[in-house]
Amino acid sequence: MGFEIDTRPLWLLLLLRARRLMFFMALAAVFFYLLFMSAPAGLSVEGQRAIAIFIVCLVLWMSNMVPLAITSLFAIVLVPLLGVLSKKDTYAIFGNEAVFFILGAFMLAGAIMHSGLSNRIALNIMDRFGKSPRTLLLSIFLLAASLSFVMSEHAVAAMLFPIVFDISKGLGLKPGKSNYAKLLFFALAWGCVIGGIGTFLGGARVPLAIGILKESTGLSIDFLDYAIAVFPLVIVMLIVGYLLMSRFFPSEVTDVSSAHAVLGKRLKGLSKISYNEYAVGGVLVLTIFAWVFFGKLLGLATIALSSVVCLFVFQLVRWKDIEEYVNWGIILMYGGAIILGSALDKSGAAQWLVDSILVNWADRPWMVFATFSLLSIALTEAMSNAAVIAILLPVSIGMADRVGMSPVALTYSIAVPAGLAFMFPMSTPANAIAVSSNYITIKDMTKGGIIMCLTAWVVFNLLAAYYWPLIGMGYMK
Amino acid sequence: MAKDYIDNPAALKIDLMLRGLRIDDPLVKAWACGVDGIDIMLPHNTLVNIPCREEFTKGSPYTIRKKDGGYVIGGHSSEVAVSLVPKPKFYERKTSTGIPFAKIASVHGGVTSITPSPRCDFFNANVECKYCAGNLDVKGMDKTVYSVDDVVETVAAVLADGIRGIIYLSTGFSDEPDGGIVFLKPYLQAIKNKFHCLVAVETLPPKENRWIDETYALGADSVLYNLEIYDKELFELICPGRAASIGRKRYMSALEYAARIFPSGTVASHLIVGLEPPGSTIMGVDCLVNMGVVPILPIYRPGHGKALRIDPLTAEIILPVYKHLYKAVKKSNISLNWVKDLSMVTTPAEMRAIVDKTASNGSLIEGFYKSKIGRKAAWGLSSLMRKLRVKKSEEDE
Ligand code: SF4
Numbered sequence: 140m141g142f143e144i145d146t147r148p149l150w151l152l153l154l155l156r157a158r159r160l161m162f163f164m165a166l167a168a169v170f171f172y173l174l175f176m177s178a179p180a181g182l183s184v185e186g187q188r189a190i191a192i193f194i195v196c197l198v199l200w201m202s203n204m205v206p207l208a209i210t211s212l213f214a215i216v217l218v219p220l221l222g223v224l225s226k227k228d229t230y231a232i233f234g235n236e237a238v239f240f241i242l243g244a245f246m247l248a249g250a251i252m253h254s255g256l257s258n259r260i261a262l263n264i265m266d267r268f269g270k271s272p273r274t275l276l277l278s279i280f281l282l283a284a285s286l287s288f289v290m291s292e293h294a295v296a297a298m299l300f301p302i303v304f305d306i307s308k309g310l311g312l313k314p315g316k317s318n319y320a321k322l323l324f325f326a327l328a329w330g331c332v333i334g335g336i337g338t339f340l341g342g343a344r345v346p347l348a349i350g351i352l353k354e355s356t357g358l359s360i361d362f363l364d365y366a367i368a369v370f371p372l373v374i375v376m377l378i379v380g381y382l383l384m385s386r387f388f389p390s391e392v393t394d395v396s397s398a399h400a401v402l403g404k405r406l407k408g409l410s411k412i413s414y415n416e417y418a419v420g421g422v423l424v425l426t427i428f429a430w431v432f433f434g435k436l437l438g439l440a441t442i443a444l445s446s447v448v449c450l451f452v453f454q455l456v457r458w459k460d461i462e463e464y465v466n467w468g469i470i471l472m473y474g475g476a477i478i479l480g481s482a483l484d485k486s487g488a489a490q491w492l493v494d495s496i497l498v499n500w501a502d503r504p505w506m507v508f509a510t511f512s513l514l515s516i517a518l519t520e521a522m523s524n525a526a527v528i529a530i531l532l533p534v535s536i537g538m539a540d541r542v543g544m545s546p547v548a549l550t551y552s553i554a555v556p557a558g559l560a561f562m563f564p565m566s567t568p569a570n571a572i573a574v575s576s577n578y579i580t581i582k583d584m585t586k587g588g589i590i591m592c593l594t595a596w597v598v599f600n601l602l603a604a605y606y607w608p609l610i611g612m613g614y615m616k
Numbered sequence: 206m207a208k209d210y211i212d213n214p215a216a217l218k219i220d221l222m223l224r225g226l227r228i229d230d231p232l233v234k235a236w237a238c239g240v241d242g243i244d245i246m247l248p249h250n251t252l253v254n255i256p257c258r259e260e261f262t263k264g265s266p267y268t269i270r271k272k273d274g275g276y277v278i279g280g281h282s283s284e285v286a287v288s289l290v291p292k293p294k295f296y297e298r299k300t301s302t303g304i305p306f307a308k309i310a311s312v313h314g315g316v317t318s319i320t321p322s323p324r325c326d327f328f329n330a331n332v333e334c335k336y337c338a339g340n341l342d343v344k345g346m347d348k349t350v351y352s353v354d355d356v357v358e359t360v361a362a363v364l365a366d367g368i369r370g371i372i373y374l375s376t377g378f379s380d381e382p383d384g385g386i387v388f389l390k391p392y393l394q395a396i397k398n399k400f401h402c403l404v405a406v407e408t409l410p411p412k413e414n415r416w417i418d419e420t421y422a423l424g425a426d427s428v429l430y431n432l433e434i435y436d437k438e439l440f441e442l443i444c445p446g447r448a449a450s451i452g453r454k455r456y457m458s459a460l461e462y463a464a465r466i467f468p469s470g471t472v473a474s475h476l477i478v479g480l481e482p483p484g485s486t487i488m489g490v491d492c493l494v495n496m497g498v499v500p501i502l503p504i505y506r507p508g509h510g511k512a513l514r515i516d517p518l519t520a521e522i523i524l525p526v527y528k529h530l531y532k533a534v535k536k537s538n539i540s541l542n543w544v545k546d547l548s549m550v551t552t553p554a555e556m557r558a559i560v561d562k563t564a565s566n567g568s569l570i571e572g573f574y575k576s577k578i579g580r581k582a583a584w585g586l587s588s589l590m591r592k593l594r595v596k597k598s599e600e601d602e
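In the order they appear, the protein sequences are chains V and L. Numbering of the first sequence is given in our numbering, commencing with residue 140 and proceeding in unit increments. Numbering of the second sequence is given in our numbering, commencing with residue 206 and proceeding in unit increments.
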């Protein structure tokens, strides 16, 4: 362990340290002001308190001054403490189906990663299809996307990163200089991001959105319905992404045989496919089958947790094998966000916010949809996608009633764009992992990311306007 | 007859260090028995360690005697009241392992000096500094290394005696690239963990700057890399070991870097007056001050058979060097609150009285830092600064 000495003047260091204290003092002042000011017309006392909690959580989620999960815990404490919801209701909401679905999805992904199945699939696909620079690039891009249909995109990025890194090194590509290396890492990051919006499993944000939707309206979204509604966007973005990458970074590599040596070496290092891999793969296929065909009947969380129980019954995993893959922080964060969303809804605060603020500048359904999706895609570049949902969704659901729109459509308008973080490393872990390779710079990512974001937003709105009615969905109730 | 400086304590300190003191008074003689120099407090709280046993002291115009229940130092025609600095009580006691505390620590005014390993390998390679009194290890001396517990016990005894100020931890020559800080690390950490006191570290300049970062991060409030001689040729001639294993250039770059890392006024370097021409020392002072380093100017005390001293060397010749020292440091705005109250050497702060004869005891701020609450504030400020400035980095060493 080494040391770094910050030689900036003492006053500046003190100011920087005090910044945190000043931030929390200012936040506390705002909180108490919102709490004790006279309530505006049409807003109940509970609603006023819910808004005060919401604004404090919004600032904390956006600023990341404390971990996201801790902000959620703060909401969980304040909601019953200030009498917005009863203690019993608050903690009951935490036991929402979405939270258990996320837990089950984490455990399943952990089991797949731990068995080595995902790694084996990735290596084989790249080895088989990546014979030329173009097909190698495409195989990484499509592999990252398709694995993100069934696993968290963060886990996919983390799993593929060492392989892509070794390939870049094996090809002798220069960090920061080689266009082909940039292409490989963009394929990894953007593949994960695009694939991550394809199903419920790419990230926990869609289950979170459904959790909030269900708590507020009793409505839900089906696994298959979601996939059908969003899949065209995935296809278009994969094509746009590939064209954009190839245009921005024309490849200088003509031969990838040395990359094959790297893949070959890694493949050789694998033992022969084990019973565990077959069995875990089988459980996963059955789980997806059940989600698609029995999701409505049995509930997504029930199916996910049943599969997890199966894995343990047949001793395919041990607790300590998958414990590290379960992100308890995210689970806490989501539980808290759902409680806060519910508090805003049940106290009438969300409705009041919509009536008094939003309705004035977006009153037509397509405008409301476009506005929320734009806000979501813009915010997700700078903050956690789950936080974006926690902030926007309760308000948008309130708006749905006011303008006669379907809350389900508005849930889509936020949940899908919240996953489309292309621009910055801090937007999503997949981008951060790619930038950490040093093969691509933040500037590279921002340049292409802006076009990807705008394209995604336009395509998503066009799909909602013209494709959704064809599959029986629409803006209106 | 050479003039005396009875009426100016700062100049008197220099002249006393240069010429020594004759002791006729049997009481003082008994009191000074067994020591190379006696600590005496001159007016304006100017502390000095005066040589009294060496050969050259026999020609000194200064004597000390008892008068009206106190003591006076007399020159050719006048005299000034002084006080003997009592020997610390802990000198009489031993550690729990039986080592006399006096062997481990020695108090020189505001500084308690501790050298956990009294060894310097330059002696064993015959490249020792030519002026060295050899009070570290020479061939044949035992290779005692005091344990951390012994040193901690000693510091506890020092503080329990009410002796405040800075603890100086020093090493002799070490061949390690860290300059000796790795050896001092457990001592430094133990002292910092157990006591609220300021610690200065005196080592050789490490080969890489990261050791300087570490020295600060470990808790050193002040650091000394003693160049001793500014003139390049004389440095190589008089300090052959240092010149060969470290080199003058590294002394300079390490000091320059340390002055950027440590707070103002806490990085210091000795330049021994009397081993090189005064003009060269002045250039050295300017060079150090420009880097933000506090020059400390001890006066060379010729030992047995060591006649390295430039000749003639009188107060008239070297006082301009000290005046220049004070002015240069003052102009540079380097803090004077750290390097002060040293009996063995002369610090810039003390030289105020030479430049400004009406100056008394230093500024209000200096007075504050000498008070008990001021010392506590200095410790608190230093610790707070370290807390704010040090970040652990994950790279491997
Ligand atoms: S480094 Fe030089 S002055 Fe110090 S103890 Fe060794 S020989 Fe003596």
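Among these hints, one or two may not hold up.
What follows is a list of derived Cβ distance ranges for each label pair [what the hints assert, rightly or not]:
| no. | chain 1 | residue 1 | chain 2 | residue 2 | range |
| --- | --- | --- | --- | --- | --- |
| 1 | L | Ile578 | V | Val205 | 34 to 44 angstroms |
| 2 | L | Lys294 | V | Ala165 | 35 to 45 angstroms |
| 3 | V | Lys586 | L | Ser469 | 41 to 51 angstroms |
Residues of chain V placed beyond 10 angstroms of chain L at every Cβ, according to the derived structure [claimed, not checked]:
| no. | residue |
| --- | --- |
| 4 | Asp145 |
| 5 | Ser177 |
| 6 | Gly181 |
| 7 | Val198 |
| 8 | Ser278 |
| 9 | Phe304 |
| 10 | Lys313 |
| 11 | Ile367 |
| 12 | Gly421 |
| 13 | Pro504 |
Please keep in mind that the hints were generated in silico from the structure rather than gathered at the bench. Note that the Cβ used here is the ideal one computed from N, Cα and C, for glycine as well.
Now for the hints, and whether the structure bears them out:
no. : hint                                      : in the structure
1   : L/Ile578 <-> V/Val205: 34 to 44 angstroms : holds (37 angstroms)
2   : L/Lys294 <-> V/Ala165: 35 to 45 angstroms : violated (55 angstroms)
3   : V/Lys586 <-> L/Ser469: 41 to 51 angstroms : holds (45 angstroms)
4   : Asp145                                    : violated (5 angstroms)
5   : Ser177                                    : holds (43 angstroms)
6   : Gly181                                    : holds (49 angstroms)
7   : Val198                                    : holds (26 angstroms)
8   : Ser278                                    : holds (34 angstroms)
9   : Phe304                                    : holds (19 angstroms)
10  : Lys313                                    : holds (23 angstroms)
11  : Ile367                                    : holds (47 angstroms)
12  : Gly421                                    : holds (41 angstroms)
13  : Pro504                                    : holds (52 angstroms)
In this structure, the hints that do not hold are numbers 2, 4, in rising order.
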